[in-house]
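So that you can map any letter, position 144 of the sequence shown is 146 in the working numbering, and since no number is skipped, the others follow by simple counting.
The hints are simulated quantities; they were obtained by calculation from the structure and are not laboratory data.
Take the hints with a grain of salt, since some may be wrong.
Claimed, not checked - Below, simulated SDA-like cross-link-like pairs (lysine to any residue); rule was C-alpha separation at most 25 Å, straight line:
1. LYS266 to TYR251
2. LYS191 to ILE263
3. LYS195 to GLU93
4. LYS96 to ARG123
5. LYS96 to ARG257
6. LYS195 to ALA207
7. LYS166 to PRO204
8. LYS167 to GLY153
9. LYS96 to GLY248
10. LYS191 to ASN271
11. LYS166 to GLU147
12. LYS266 to LEU205
13. LYS167 to SER144
14. LYS195 to LEU205
15. LYS166 to GLY126
16. LYS297 to GLU93
17. LYS96 to TRP190
18. LYS96 to CYS290
19. LYS167 to PHE130
20. LYS167 to ALA207
21. LYS195 to PHE291
22. LYS166 to ASN100
23. LYS195 to ILE136
24. LYS166 to PRO187
25. LYS266 to THR234
26. LYS195 to LYS266
27. LYS167 to ILE136
28. LYS297 to GLY248
29. LYS266 to PRO204
30. LYS195 to GLU94
31. LYS294 to ILE136
32. LYS191 to THR234
33. LYS167 to SER259
34. LYS266 to ASP131
35. LYS266 to ALA207
36. LYS195 to GLU147
37. LYS166 to GLY248
38. LYS195 to ASP296
39. LYS195 to ASP131
Nothing here was measured: the structure is a model prediction, and the numbers come from that model.
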Amino acid sequence: MEAATAVQRFHYSPSSWIDWRNFEGKPRGSLRYSHRTKENKRLTVIALSHLQPDKRSDLRQRSVSDKNSSALLETGDLLHSPFDEELRKAEEVKPYLNGRSMYLVGMMGSGKTTVGKIMARALGYTFFDCDTMIEEAMNGTSVAEIFEHFGESVFREKETETLKKLSLMYHQVVVSTGGGAVIRPINWKYMHKGISIWLDVPLEALAQRIAAVGTNSRPLLHDDESGGDPYTVALNRLSTIWEGRGEAYTNASARVSLESITSKHGYRNVSDLTPTEIAIEAFEQVQCFLNKEDKY
3 MEAATAVQRF HYSPSSWIDW RNFEGKPRGS LRYSHRTKEN KRLTVIALSH LQPDKRSDLR
63 QRSVSDKNSS ALLETGDLLH SPFDEELRKA EEVKPYLNGR SMYLVGMMGS GKTTVGKIMA
123 RALGYTFFDC DTMIEEAMNG TSVAEIFEHF GESVFREKET ETLKKLSLMY HQVVVSTGGG
183 AVIRPINWKY MHKGISIWLD VPLEALAQRI AAVGTNSRPL LHDDESGGDP YTVALNRLST
243 IWEGRGEAYT NASARVSLES ITSKHGYRNV SDLTPTEIAI EAFEQVQCFL NKEDKY
């Protein structure tokens, strides 16, 4: 009875929603670098070449981890650097978005929230975390507690309601979705009102991240009682989850492969990537999607 009452109290406060915004019209023709953008990029390369090695190293080290990137995001340093290619990519793509929102999908631990915040800041969009919205609407009940007291089916219903509201009421937002949002076809209907971006991270890298921070906030992993070391437990469970979701992620408008980015930059593994580098690749893949869309 108590659970049913709590579910009935689930609601969205109108005051929590932002106002509609005016949008620029979509330019004609396919996406391409303007002469000005090329010149800016050339000047940036020249400027970077004159930085002392220790300065270049310092710029990279300042954004190595998600934690550091989040801190930089709060202070604005990460996006106000004159050498921030990610901001230029956002400015290049934004006119062609025509106000469309972006939905980040991917397995748990793939960095949707961290990367989403960076992308939203660069675009001048508003960021929303779907799980956080559900928790706030249910009086601060955590996702893990919702799973425990109400069950996964209730959480999935609230997830769909949240995506529906976001797709109908908002433009110019970046949304971080839950890892399982892709399993319900109705959710894709709402996400395809904008542009969906799949952060494709190798399961081994996800298992390492999750094992390092623990599984208390991840209900689908927290209940695993198979024993073994944290990494093996996480990898085995992620592999099982992937079998049920892997194909669904391919419905996304754009795919951001962390393995591809790692190879492009000549890094040893995906853990060497910074969230900003992933955000840059996301904008590039969105650009490719818009180019293809413009041809049809």
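Do the hints match the structure? See the list:
no., hint, result
1, LYS266 to TYR251, "holds, 23 Å"
2, LYS191 to ILE263, "violated, 29 Å"
3, LYS195 to GLU93, "holds, 21 Å"
4, LYS96 to ARG123, "holds, 12 Å"
5, LYS96 to ARG257, "holds, 18 Å"
6, LYS195 to ALA207, "violated, 31 Å"
7, LYS166 to PRO204, "violated, 29 Å"
8, LYS167 to GLY153, "holds, 22 Å"
9, LYS96 to GLY248, "violated, 29 Å"
10, LYS191 to ASN271, "violated, 35 Å"
11, LYS166 to GLU147, "holds, 23 Å"
12, LYS266 to LEU205, "holds, 20 Å"
13, LYS167 to SER144, "holds, 20 Å"
14, LYS195 to LEU205, "violated, 29 Å"
15, LYS166 to GLY126, "holds, 22 Å"
16, LYS297 to GLU93, "holds, 22 Å"
17, LYS96 to TRP190, "holds, 22 Å"
18, LYS96 to CYS290, "holds, 13 Å"
19, LYS167 to PHE130, "holds, 12 Å"
20, LYS167 to ALA207, "violated, 33 Å"
21, LYS195 to PHE291, "holds, 14 Å"
22, LYS166 to ASN100, "holds, 20 Å"
23, LYS195 to ILE136, "holds, 21 Å"
24, LYS166 to PRO187, "holds, 12 Å"
25, LYS266 to THR234, "violated, 29 Å"
26, LYS195 to LYS266, "violated, 31 Å"
27, LYS167 to ILE136, "holds, 12 Å"
28, LYS297 to GLY248, "violated, 28 Å"
29, LYS266 to PRO204, "holds, 16 Å"
30, LYS195 to GLU94, "holds, 21 Å"
31, LYS294 to ILE136, "violated, 34 Å"
32, LYS191 to THR234, "violated, 35 Å"
33, LYS167 to SER259, "violated, 29 Å"
34, LYS266 to ASP131, "violated, 29 Å"
35, LYS266 to ALA207, "holds, 18 Å"
36, LYS195 to GLU147, "violated, 31 Å"
37, LYS166 to GLY248, "holds, 23 Å"
38, LYS195 to ASP296, "holds, 16 Å"
39, LYS195 to ASP131, "holds, 17 Å"
Figure legend: structure checked against the earlier numbered hints; hints not met, in rising order: 2, 6, 7, 9, 10, 14, 20, 25, 26, 28, 31, 32, 33, 34, 36.
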